[in-house]
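Go ahead and model the full structure; you've got the sequences and the hints to work with.
For the sequence shown, my numbering begins at 2 and goes up steadily by one.
FYI, nobody ran anything at the bench for these hints, they're computed from the structure. Treat the hints loosely; a few may be bogus.
Once the Cα atoms are required to be at most 30 Å apart in a straight line, the calculated DSS-like pairs of lysine-lysine come out as [to be verified]: (1) Lys151 to Lys45; (2) Lys69 to Lys25; (3) Lys111 to Lys25.
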Amino acid sequence: MGHLDADCFYVSAERVRDEFLRDKPVGVLGNQGACVIAKSYEMKASGVGTGMPIWDALDRCPTGVYLKRDFRWYEVLSRLMLEVTRELSDRVEYYSIDEFFFRAIPLRGKDFQQTAEAIRDAIWERLGVPVTVGIARSRTLAKLISDAAKPFGALAVLDDAAERALLADRPVTEITGIAGRRERRLAPWGIRSCLDLAQADRRLVRGLLTASGESLWWELNGEAVHPIQPERPVQRVLSRGGSFGEPAADPIVLYAWLVRNLERLIEELRFHRLCAGRLTVWVSYRNGEAGVGQVNPTVPTDRFDLLLDSARVCLRHAYVPRIAATRMHLIAERLVRRSSSPRGLFDSPAAADRAEAVALLKETINHRHGRFALRSAATLPLAEIYRDAANGFDICDIRGKFCF
2 MGHLDADCFY VSAERVRDEF LRDKPVGVLG NQGACVIAKS YEMKASGVGT GMPIWDALDR
62 CPTGVYLKRD FRWYEVLSRL MLEVTRELSD RVEYYSIDEF FFRAIPLRGK DFQQTAEAIR
122 DAIWERLGVP VTVGIARSRT LAKLISDAAK PFGALAVLDD AAERALLADR PVTEITGIAG
182 RRERRLAPWG IRSCLDLAQA DRRLVRGLLT ASGESLWWEL NGEAVHPIQP ERPVQRVLSR
242 GGSFGEPAAD PIVLYAWLVR NLERLIEELR FHRLCAGRLT VWVSYRNGEA GVGQVNPTVP
302 TDRFDLLLDS ARVCLRHAYV PRIAATRMHL IAERLVRRSS SPRGLFDSPA AADRAEAVAL
362 LKETINHRHG RFALRSAATL PLAEIYRDAA NGFDICDIRG KFCF
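Structure representation (structure tokens):
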């Protein structure tokens, strides 16, 4: 199994199109420019961390270059990296925008270590993006190895002694899927390193971490139980939303965010030809509170008018008066194929046909003139958000990958 991970990918992507940025402290900003979502190693050395507010980052690294995100450009480079990896492996999983798993097969005339180096060098020479490649007996081990080899590394570890030396040096939280709660479950049993987990009794691990934890135990012991998946499985949940950047207490602004996120969610439903049987609206507030509203439409639907009716009800349940909200997410669940979704008992065929005609017209105009050229007037309070091109395309709009 192989794992490829781009080094500081958003920064590297900016450096590909502007050589001036090379070897300089660079930060990429998200949330309407409010915080750092990626930083170069030079900026990291100044104490800037991912998620740090821009004003704190400027205080720690005043000479840094700060750029707004551009996920359209990052997707271009991501897919080019994917193409190169597919040329060198017959089975590749598009795990995230900057991370791939692949079936590791030695290239002609090369061993596994030389193959890892060849894949790394091919992407650097053809695209100018530095990546790190790890090869091991399982995908969990491959990811741990690539993390250990950063930056711009290439490492194949395939024997027991080398594996155990690497696992002994890494805390158990470096395994994807093990964080705070699971770490606390393991600690009383003396399981603190990756090697501790690999050497623990399998039945104990299953009891503490369920079947998913047991599968990690097998992977750490070199048994590949998580296969490479070249195609993303059919979605069970679709979601759109995120941070507001500037907190909002005005109900009209909150409603504008609701409509913006609903239009984005419907885009995705229609692309995948799915209908939502349940809609949830989750709102986070500045004081730490969170509000949740949930509605099951009469029948699964992707219609804007019907889902907006449901979303309004959800927002009323999620709304906390006079407290500024900071984030909102809309979540569509109980997804069914559009072709198999029944009509409601009182649903007028003429109304359904009219709604479909409006949806198709909206899609056509926006495809031709810009993603949000035609949108609900309820979003007018967010004119500055729509005016800023950095907000026109988000990481969740990159289709086909398994996660962020």
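Now the hints, each set against the structure:
Restraint check for Lys151 and Lys45: the C-alpha separation of about 14 Å stays at or below 30 Å, so the hint holds. Of the supplied pair hints, the one linking Lys69 and Lys25 holds, its CA atoms being roughly 16 Å apart against a limit of 30 Å. A hinted pair counts as satisfied when its Cα atoms are at most 30 Å apart, and Lys111 with Lys25 does not qualify at roughly 36 Å.
Consistency note: the structure conflicts with earlier hint 3 alone.
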